[in-house]
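Chain by chain, the residues:
Number of protein chains: 2
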Amino acid sequence: MDERVREHAELLVDWSARVEVGDDVVVSVAEDAHELGVAVAETLGERGATVTTLYGADEIARAHLKGAEARVEGDDTPAFDDDPAVDRALFEAADVYLRIGGGRNTTATADVSGGTRQAYAKARKGVREARMDTDWVSTVHPTRSLAQQAGMAYEEYQEFVYDAVLRDWEALADEMARMKALLDDGDEVRIVTERDAAPDTDVTMSIAGRTAVNSAASVAYDSHNLPSGEVFTAPHDTEGEAFFDVPMTIDATRVRGVHLVFEGGEVVDFAADTGEDALADVLDTDAGARRLGELGIGMNRGIDRFTDSILFDEKMGDTVHMAVGRAYDACLPEGESGNDSAVHVDMISDVSERSRMEVDGDVVQRNGTFRWEDGFEE
Amino acid sequence: MDERVREHAELLVDWSARVEVGDDVVVSVAEDAHELGVAVAETLGERGATVTTLYGADEIARAHLKGAEARVEGDDTPAFDDDPAVDRALFEAADVYLRIGGGRNTTATADVSGGTRQAYAKARKGVREARMDTDWVSTVHPTRSLAQQAGMAYEEYQEFVYDAVLRDWEALADEMARMKALLDDGDEVRIVTERDAAPDTDVTMSIAGRTAVNSAASVAYDSHNLPSGEVFTAPHDTEGEAFFDVPMTIDATRVRGVHLVFEGGEVVDFAADTGEDALADVLDTDAGARRLGELGIGMNRGIDRFTDSILFDEKMGDTVHMAVGRAYDACLPEGESGNDSAVHVDMISDVSERSRMEVDGDVVQRNGTFRWEDGFEE
Chain A
40 MDERVREHAE
50 LLVDWSARVE
60 VGDDVVVSVA
70 EDAHELGVAV
80 AETLGERGAT
90 VTTLYGADEI
100 ARAHLKGAEA
110 RVEGDDTPAF
120 DDDPAVDRAL
130 FEAADVYLRI
140 GGGRNTTATA
150 DVSGGTRQAY
160 AKARKGVREA
170 RMDTDWVSTV
180 HPTRSLAQQA
190 GMAYEEYQEF
200 VYDAVLRDWE
210 ALADEMARMK
220 ALLDDGDEVR
230 IVTERDAAPD
240 TDVTMSIAGR
250 TAVNSAASVA
260 YDSHNLPSGE
270 VFTAPHDTEG
280 EAFFDVPMTI
290 DATRVRGVHL
300 VFEGGEVVDF
310 AADTGEDALA
320 DVLDTDAGAR
330 RLGELGIGMN
340 RGIDRFTDSI
350 LFDEKMGDTV
360 HMAVGRAYDA
370 CLPEGESGND
380 SAVHVDMISD
390 VSERSRMEVD
400 GDVVQRNGTF
410 RWEDGFEE
Chain B
40 MDERVREHAE
50 LLVDWSARVE
60 VGDDVVVSVA
70 EDAHELGVAV
80 AETLGERGAT
90 VTTLYGADEI
100 ARAHLKGAEA
110 RVEGDDTPAF
120 DDDPAVDRAL
130 FEAADVYLRI
140 GGGRNTTATA
150 DVSGGTRQAY
160 AKARKGVREA
170 RMDTDWVSTV
180 HPTRSLAQQA
190 GMAYEEYQEF
200 VYDAVLRDWE
210 ALADEMARMK
220 ALLDDGDEVR
230 IVTERDAAPD
240 TDVTMSIAGR
250 TAVNSAASVA
260 YDSHNLPSGE
270 VFTAPHDTEG
280 EAFFDVPMTI
290 DATRVRGVHL
300 VFEGGEVVDF
310 AADTGEDALA
320 DVLDTDAGAR
330 RLGELGIGMN
340 RGIDRFTDSI
350 LFDEKMGDTV
360 HMAVGRAYDA
370 CLPEGESGND
380 SAVHVDMISD
390 VSERSRMEVD
400 GDVVQRNGTF
410 RWEDGFEE
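Each protein sequence line maps, in turn, to chains A and B.
According to this note's numbering, the first sequence is numbered sequentially starting from 40.
According to this note's numbering, the second sequence is numbered sequentially starting from 40.
Just so you know, these hints were derived from the structure itself, not from any lab.
Keep in mind that the hints are not guaranteed to be accurate.
One-sided excerpt, in silico: chain B residues whose CB lies under 7 angstroms from chain A [stated by the list, open to error]: (1) 80; (2) 125; (3) 128; (4) 220; (5) 224; (6) 402.
Below, computed lysine to aspartate or glutamate pairings styled on DMTMM-like, alpha-carbon distance capped at 20 angstroms [unchecked claim]: (7) 161(B) <-> 122(B); (8) 105(B) <-> 53(A); (9) 105(A) <-> 150(A); (10) 105(B) <-> 85(A); (11) 105(A) <-> 290(B); (12) 161(B) <-> 290(B); (13) 105(B) <-> 49(A); (14) 105(A) <-> 46(B).
Backbone N, C-alpha and C define an ideal beta-carbon position, used for all residues, glycine too.
Make a model of the complete structure from these sequences and hints.
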């Protein structure tokens, strides 16, 4: 076995999930993610944890949903049992849930109707909540299907994934703590980018009273992705214009060149070079879908290119992202609810050139360089 | 998808497990059994059942056990948590459990020590009982690894499996009911085979007070294998000699040409052409390991060759098998316990030629032909 697979497994179990002796661990293994599943099972055995392995195969999920669709007349939406007993019981009994993505075809569920997906997701709210109550962590094994989605050769993609995952997380957590302190102490963030032949970004948002998350790829940091490497908070009262130059996929539609105009915290105008209809669908979901739920600052310099996967893209160094929709509770004062929405869609800007981020008027990052780094220009 | 895979899935769900609307179904999918897993998930969706999919990968089981072995000093046996909460909870919540075997390597766990296996099995008694309390059915998807174990080409093995599985089970159940009635009404079975250059079989056993199971591949018949196709009961007070000419594998050791001598219900002498030590280990397990727990009559004529898999071999038409060790409760009067043992090892005889089976002195099968079939000679 590739030594990097073992290192990935150990990081996942020890750094990310903080597994301890006697923990009951559920591991979901995607098609073609078998090898990382094996390494994780061995590591869990070494740590004295139990393991229950789910098969997270998109083709099985699709088959079950298509079977349910076949039960109903024409285009009717099938009904699903609320919170099936087995899934609820297994997540309620679990201490830790490790999701290993991968798969053979990232579009394996493309022909399941939106109505069916929504009905299924709605029926499983309790299962989802039980799952989120565990110490859960989501990662991926580098598969050929993900390499294809990234437009990369398989071995090239393996290098990419391990560069992103196998980091000195302790050191990165220390560095991200600086960014978190700036955001926790600050009241207002302003982001400005200047580009030729493209709409500029000049957007201001309040972060008063909000707490930033130092997302260091560990449940000990309220962080549930491996890789991670971002600092994020929940802004409000956004004003101005923002342009997102990084391509993304929304509900299987390619969206590029998104331009949003905010007034009084809401998106009042928008455009996209491609995929504008998909963007419109998102913004029309509910009232909260027109307000920002997240401002995130990507700080993982092990990620050096966009691969059409939000797990990696939003953590890339020299990027910022804003998400319309739902805010994370961890950013809000105890008992206060933030922006609420059924959606949370991240949009990313490259800030490596001709950009600056200010907190309360002080420049904290310019052209991708943070104020504590060599070469920073005030 | 091969239409036979769909038929297999529908037989498993409908005939074997009798799945109904609202049932919570756990499906375990082995490596390389993905395709049947997909067909089963679709069928369950069509029936309005839920599905939770486990990944039954031997390599993951091995990795966890090897990890546990690495925790302890030298050759010490690792300790395992008794009945892990997740596994217990999921089987307790399940109505149906479908196990789809297959895999990439039938010897994937060969280097796990016997002590570790036993400690693990012992710690999971409650999980096993919860699983047996569901409407469980075990089947296999024809994989290359199973074809290899059978010494067959892949497509040839597919034909073999579907010939065994895709039968008219209702008709076979009716035929097997005749055999069951003979055994239920009878008090004594005698089996005689005559072979050149090999020890003969002439063995008599009591079946008084015992009930035969019509194992028609359905939980409705107390039958939990697909394929099945045998009638079995729990004999006692065996006398005489029995020779088993069908090769088998005991704990990864090839055993051939087993000869057992019974007196007063117990094996008092034994021999094997190859693998005699493995046979001795079985017989020395405990007191019950020297007595018969089962007499089975194979009646599935879709199975026409031995493939070194007990799921198929013991159901083959024109064979009988006897198992030393544990008896099945279904064969015993309510509240009475039969032969008890930690083992249950089936041994098979070809009875297609120069053989007869008598019940209370009446010949019921001669040279493989039953008394109700054309060509039967009294």
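Each hint, compared with the structure:
1. Contact between residue 80(B) and chain A, as hinted, is supported at the beta carbon level, the nearest pair being about 4 angstroms apart and thus within 7 angstroms.
2. The interface hint given for residue 125(B) holds, since its Cβ lies 5 angstroms from the closest Cβ of chain A, which is under the 7 angstroms cut-off.
3. At its closest, the beta carbon of residue 128(B) sits 4 angstroms from a beta carbon of chain A; the interface hint therefore holds under the 7 angstroms criterion.
4. With a least beta-carbon distance of about 39 angstroms to chain A, the hint placing residue 220(B) at the interface is violated under the 7 angstroms criterion.
5. Against a cut-off of 7 angstroms between C-beta atoms, the interface hint on residue 224(B) is violated, since the closest Cβ of chain A lies about 43 angstroms away.
6. Given hint, residue 402(B) at the interface with chain A, is violated; its Cβ is 50 angstroms from that chain's nearest Cβ, farther than 7 angstroms.
7. Simply put, residue 161(B) and residue 122(B) have alpha-carbon atoms about 9 angstroms apart, close enough for the 20 angstroms limit, and the pair holds.
8. Taking the CA atoms of residue 105(B) and residue 53(A), the gap is near 18 angstroms; set against the 20 angstroms cutoff, the hint holds.
9. For the suggested pair residue 105(A) and residue 150(A), the alpha carbons sit about 9 angstroms apart, so the restraint of at most 20 angstroms is met.
10. With a CA separation close to 8 angstroms, the supplied pair residue 105(B) and residue 85(A) stays within the 20 angstroms bound.
11. This hinted pair does not check out: residue 105(A) and residue 290(B) have alpha carbons roughly 42 angstroms apart, beyond 20 angstroms.
12. In summary, the hint linking residue 161(B) to residue 290(B) is supported, as the alpha carbons are separated by about 17 angstroms, within the 20 angstroms threshold.
13. The straight-line distance between the Cα atoms of residue 105(B) and residue 49(A) is roughly 15 angstroms, inside the 20 angstroms bound, and the hint therefore holds.
14. For the hint linking residue 105(A) to residue 46(B), the alpha-carbon distance of about 17 angstroms falls within 20 angstroms, and the restraint holds.
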